[in-house]
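Enquirer: Line order of the protein sequences matches chains P and U. 1 is the number of the first residue of the first sequence in this note's numbering; add one for each residue after it. 483 is the number of the first residue of the second sequence in this note's numbering; add one for each residue after it.
For the record, the hints were derived by calculation from the structure and aren't laboratory data. Be aware that a few hints might be false.
Said to hold, decoys possible - Restricting the straight-line Cα-Cα distance to at most 20 angstroms, the calculated cross-link-like pairs of lysine-lysine (PhoX-like) are: (1) P/79 - P/242; (2) P/153 - U/485; (3) P/26 - P/4; (4) U/505 - P/150; (5) P/353 - P/188; (6) U/721 - P/365; (7) U/550 - U/521; (8) U/485 - U/582; (9) P/150 - U/550; (10) P/431 - P/28; (11) U/522 - U/505; (12) U/550 - U/582; (13) P/153 - U/505; (14) P/242 - P/150; (15) U/582 - U/522.
Every value quoted in this text rests on a predicted model; they were computed, and no experiment measured them.
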Amino acid sequence: MNGKRVVFSPVTRLSGLLSVEVFLDKGKVAEANVSGTMFRGYEWIMRGRQLTDAVYMTQRICGICSLAHGAVSSYLLDKIFDNELTANAQYLRNIMYAADFLQNHIRHFYLFSLPDFVRMPPRPPFHRQDVADLRLSSHDNLRLAGHYAKAVKAAQQSHEILTLFGGKVPHQHSFLHGGVATAPTADKVNRALALCGEISAFVRNAMMPDTELIAGVYSDYFNIGVTPRRLLSFGLFKFGAKNERLWWPSGVTDDGQISVPDLQQISEHIGRSWFEDADNSVDGPGQKPAPQKPGAYTWVKSVTYAGRHFQVGPLARLIITGQYQGGTSTMDRIYARSLETLFLSELLSEWLKRLEPGPPPIHQKHQPVLSEATAATDSMRGALLHSARISGDTVTAYNIITPTAWNFSPKSAKGERGPAESALVGAEISKPDMLFTVLGRIVRSFDPCIPCATHVLSPMKPPSPVDMEQRNRPSQSSTFCT
Amino acid sequence: MRKEAFISLCRRLSGRRDHTLVKELLPIVTDYCRRNKKKKLPVVWIETNDSGDNNISFLNTTYPFADKVFTDMIDLLYSNTFMAAQGGAALEILDAVANKEQYTLVVEGAVPLKDNGLYTIIARTEDRNITALEAVARLGASAEYVVALGTCASFGGPSAARPNISGSAGVRQVLDREVINVSGCPVNPDWFVGTLAHLILYGRPELDGLGRPLLFYGFTVHRHCQRRSYFDRQDFADKLGDIECMFSLGCVGPRTNADCPYRQWTNYVNWPVRANTPCIGCTNEDFPDGSTPFFTPLPQKRALGRGPKVRLGAKGTKK
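When you get a sec, could you build the whole thing from the sequences and use the hints?
Expert: Okay, structure coming up:
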């Protein structure tokens, strides 16, 4: 590899553990490798368990978007059990899901992204902030930094709405196959509406103007971190008795026409991932973890559609649904996420008003009518897919493809970079002290979630037993920095 | 404040609408620090093999909100989720703290032991990986207190669910010292903030046999469950969504120590049984394998057993 190698790690202010390696040549990023550095193996964990354990188990893949896994696995079980969903069940599900989106997007913008653009108070946890390129006037800066605390409250309120119906959060309890186990009583709906009003006001009066201000002052980021215009969305918010209708339609585009995604076109590749190469395809044998595999640099698999990498997330969703006309840059991703927050805060209030107070809208069937099924939906970070095979009521195989696996894919079989890698390559680094500033802004605009992305392993073959005796002692280095 | 009064405050079964534990605790802590000329509690928060749900749950602290915990109660010196510093600057902070300062180590997540810990790398330098195993072993050895946050950090939890192919284990299996286990999947923010307040005011809290503060884990969910009278009358739910006792649908409240029935979640508004679903025992040592199948009644839950038991051979690292 040409150029000077630099390791950007840890990439803080995101969900999970991520490292980025770049090669610099003539003041530009010439190559980038993004590494998800944690692995749990949820698909192995699902094997041999009862199918109905899927919602509570898979929610535990992710802390910040837990309901996304609960939702898609509920859709999967709805298919397998042939459940009929009532209108009230769908409104309630979507209210809960939208509330979790608000929580996620508000926390991402203010807690993760804001310190990239705004000078924070010089005390923990903001000490040693990277201040190489902070441009806001002191007046504006003061206002935006002050919104950090307001955002903490608004995100908590979003989760309070979800908890009113879901019992707890993260890892809610009531959104299950067949509907929702909680009764939408008038007192719950009214309290949720009051909270929603406060959240909407925050999004309208703080988050949107703050996003506009940052987008204006840092407008060069509309030209930085640009990805190819290959975008994918599985659609969002299911309605209908069989989850057959989508509020926001699905779509896939490769710089032109938008068509309906064909799930058969999706494939995974592990050539650069820490898994044993067997025949290099997911359905093949092998897939054992191999953390020392030469040439591999991440636990994330390369996920492709028709052989190419596609970007997913709020930006892809809004472009595909015609709600945003813009590019595919760092600032477009940030702007689209805030815009989506605004849309969802309005939708949430509308749906709450359509909910009819009454008994718990849940009707579960218990006899599987299918022995395998796939469910797909968009989630906070984009396209999410669960598929399962069962024997009786027991899971024999469970596969999960997360949004962060799409966005943080390593090189594909053909050597094509994933969306985050392609956004990084070409970035100009005007001064050495700007390097992490630029890289951090680009990476965070994707809202990466590494616990989601790196659990993945397809369990088509029984796992080999873990040899617990083969253990080395932790290295006794006296410093982390060397 | 006398310790007994603090304990009863933490355990208060208040139905008062404006009661929040953090609102009561923060002034006591700030007042104590001011009068005793003590600094806020320095905290190093390491994320390991976990979903990140515990830091999200912490952010659901009410009321005041989580940012007030940062300003008034702890100095969060290192946290992958919250710190502004990034890259090498973040690692330099970690080094400086580890070598010079007194701190409380919070570990969020299990620690993979297989392949020398390569399944979770908390950061990389130009020439090497810093595994969770190395970071926890090293930071844990010199910390004043070690707090395992959530069930993964406490006991392995979902990260160590069978077949546990990363060989994940709780922090106590890595460190040869006392670990305060604040379990839960996720932790309730009150359990965490209350434990930190106890560390500041009175030092180490009294722990149960599993290393958990008795403050919050002293009683079973069953004991305080609002549906206990249904259980006593053997009036069980037929299906999810029913208002009767959830024991018939897999509830593990009778063998789960937590105060969810009155503490509840996210500003004290709800908890799983009130949402007409079973408690799945997320604070337990054997969660999740001891709780699955989740909807099968407790006596009939299959004895699935956990993944291979982890034993450390190296002297000095085994508890």
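Enquirer: With reference to the structure, classify each hint as holding or not holding.
Expert: Here is what the structure says about each hint:
As the CA atoms of residue 79 of chain P and residue 242 of chain P are separated by approximately 8 angstroms, the hinted pair is consistent with the 20 angstroms bound. Our distance criterion of 20 angstroms between C-alpha atoms is broken by residue 153 of chain P and residue 485 of chain U, whose separation comes to about 30 angstroms. Annotation: proposed proximity of residue 26 of chain P to residue 4 of chain P holds, straight-line Cα distance about 10 angstroms (limit 20 angstroms). Restraint check: the Cα-Cα separation between residue 505 of chain U and residue 150 of chain P comes to about 17 angstroms, which is no more than 20 angstroms; the hinted pair holds.
Pair hint residue 353 of chain P plus residue 188 of chain P holds up; C-alpha atoms about 12 angstroms apart against a cutoff of 20 angstroms. Straight-line distance between C-alpha atoms of residue 721 of chain U and residue 365 of chain P comes to about 11 angstroms, which keeps the hinted pair within the 20 angstroms bound. Between residue 550 of chain U and residue 521 of chain U the alpha-carbon distance is near 15 angstroms, which keeps this suggested pair within the 20 angstroms criterion. This hinted pair does not check out: residue 485 of chain U and residue 582 of chain U have alpha carbons roughly 31 angstroms apart, beyond 20 angstroms.
For the hint linking residue 150 of chain P to residue 550 of chain U, the alpha-carbon distance of about 11 angstroms falls within 20 angstroms, and the restraint holds. Our distance criterion of 20 angstroms between C-alpha atoms is met by residue 431 of chain P and residue 28 of chain P, whose separation comes to about 10 angstroms. Straight-line distance between C-alpha atoms of residue 522 of chain U and residue 505 of chain U comes to about 17 angstroms, which keeps the hinted pair within the 20 angstroms bound. Restraint check: the Cα-Cα separation between residue 550 of chain U and residue 582 of chain U comes to about 26 angstroms, which exceeds 20 angstroms; the hinted pair is violated.
Simply put, residue 153 of chain P and residue 505 of chain U have alpha-carbon atoms about 14 angstroms apart, close enough for the 20 angstroms limit, and the pair holds. About 39 angstroms separates the Cα atoms of residue 242 of chain P and residue 150 of chain P, which puts this hinted pair outside 20 angstroms; it is violated. Distance restraint check for residue 582 of chain U and residue 522 of chain U: the Cα-Cα separation of roughly 16 angstroms lies within the 20 angstroms cut-off, and the hinted pair is therefore satisfied.
Comparing the model with each earlier hint shows violations of hints 2, 8, 12 and 14; every other hint is respected.
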